[in-house]
Amino acid sequence: MTRHDDGVTLPAAPSAGRIEIDGLAKRFGPLSVFEDINLTIGEREIVSIVGPSGCGKTTMLRCIDGLVKPDGGEVRIDGQRVTTPPRGVAVVFQHFGLFPWKTVFENVAYGLRLSGVPKKQIEASVLRHIELVGLAGFEKAYPYQLSGGMQQRTGLARALATEPQVLLMDEPFASIDAQTREILQFELLRIWESRPTSMVFVTHSIEEAVLMGDRVVVLRGRPSSIHEVIETGLPRPRTREVLSSPRFNEVREHVWSTLMQEAEQAERELQESR
Amino acid sequence: MSAVPQSAPLVRPFVLNPGVRKLAIRIGTGILLLALWEGLVTWLAPSYVARPSGVARVLPRVVSSAEFRSDAKVTVVSVFEGLGIGVVLGVVVGLTMGRLRDVDALLRFYVSSFFAMPLIALVPVMTLWFGYTGTVRLVIVSFGAFLPVCLNVYDGTRKLPAQYVEVADSYHARWWNVWFGIALPASLPYLLAGFRLAAGRALVAAVIAEYLVSLKGLGYFILYDSRTFHQNEAAVAVIALALLGVAINSAAGFATRRLLPWYRPS
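Each protein sequence line maps, in turn, to chains F and R. So that you can map any letter, position 88 of the first sequence is 88 in the working numbering, and since no number is skipped, the others follow by simple counting. So that you can map any letter, position 40 of the second sequence is 40 in the working numbering, and since no number is skipped, the others follow by simple counting.
These are calculated hints, taken from the structure and not from any lab test. Please note that the accuracy of each hint is not assured.
Claimed, not checked - Calculated lysine to aspartate or glutamate pairs in the DMTMM-like style (CA-CA distance at most 20 Å, straight line):
#1 F/K120 - F/E131
#2 F/K120 - F/E106
#3 F/K69 - R/D102
#4 F/K102 - R/D169
#5 F/K69 - R/E166
These numbers were taken from a predicted model, which means no experiment stands behind them.
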């Protein structure tokens, strides 16, 4: 696999994690969103982050990419402190973030063009990645001509085309219909098997968190912090059978009851305050 | 294979296809208006007042005259020059105002004020600065074109969805990548709408400047011929101006369809 970003050469250091989150905290004005987040993510590891809406999981992801400045602690990727979006890290957004005036081809090429990759290389890489996500034949289509699922395939291809070592997934399938979501989940898993990276997968769907993750990080409380980190212990490659395995159900029920406890507690507090 | 038996109509009703129908209505209206004009003028007005038959009679002579041609050329060239200057400046200033808060605070109030003000009011002042020259016309036309383009591009840039900028940032875009690669294309629909306004304002500005400053051009051609009782000749120039306006607007519409195949007005 060729590297075409001009970032630092990344040392292979499997002992230390690829992503190290150290005492991370974020406030919006007087409101503390999350605090004291400590997490290390390995080189070929998928870590799901799950929590109730408003717990700051999306903000945390933006801190990892340097899009949002944390108010405390720091994120290091391959030992380098993150202050701006680092090379070798790509984000897939819930809102897809496709540019409506660009075709599928041009949208997928966006990251490569900004890095000044030679034209021929861009074309080859873009076509390869469009094919990888199953969009061959749609190169010249505009986003408005695509379904939500196809738009997110384009978003995924754009991220993968930069050949990142770290993939940050920000509720990527949250605004896609249920059947398409399931198809995309397994396609993402298939693609990941062919080129494993570090992946942080933020979601509010417990099933999705368990299905994708090697570990599931459960955020709880206000301000939220890491309540529990669960090793899913599910085999890879993951196929549809995983969904009906006892272990999957066990982990899912566990995460569910953990989050429900909090939801019930929040409900009670709300009642008492009335 | 319909289960319900249907009897075929014996006589097909006479139906025009919608495009032809629209064109027929348009042409019919035109003929009606011309007839009305001809009739009213013949009935009520003195013989020197312009009427369609008179305009048609002088049309070949006027259009082939060197005077008309050079006047038309002067006006058309200054309108296009002014539009060019106005659009370029409007895009640059509009983008800057839209992206930089301080420039917004500095300029927007004044740009909006000028937009609300009738530009004609400036012409006499301009003659003090630039004399009775074509520069006055160029400045007024450019300024008239600049204002709507600037305000529209500003609007488009301000409404730029934050998610586009976020994506650009995540792919290490520099400020100029965001300005010209994201904000400008996202504002293109606004820019083209602004251009249509600008084209209208530019034509008006050119004619007004020619009237008030007595500059050679179609506007002055109209003024001079009207005052010397050559009203049919003047009408030819009026029609030429109308056609110019229509041509610029159609070109803008064509450009919208060609440049913005992705644009779906909601």
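Outcome of the hint check:
| no. | hint | result |
| --- | --- | --- |
| 1 | F/K120 - F/E131 | 17 Å, holds |
| 2 | F/K120 - F/E106 | 14 Å, holds |
| 3 | F/K69 - R/D102 | 23 Å, violated |
| 4 | F/K102 - R/D169 | 17 Å, holds |
| 5 | F/K69 - R/E166 | 13 Å, holds |
The structure fails to meet hint 3 from the earlier list, while all remaining hints are met.
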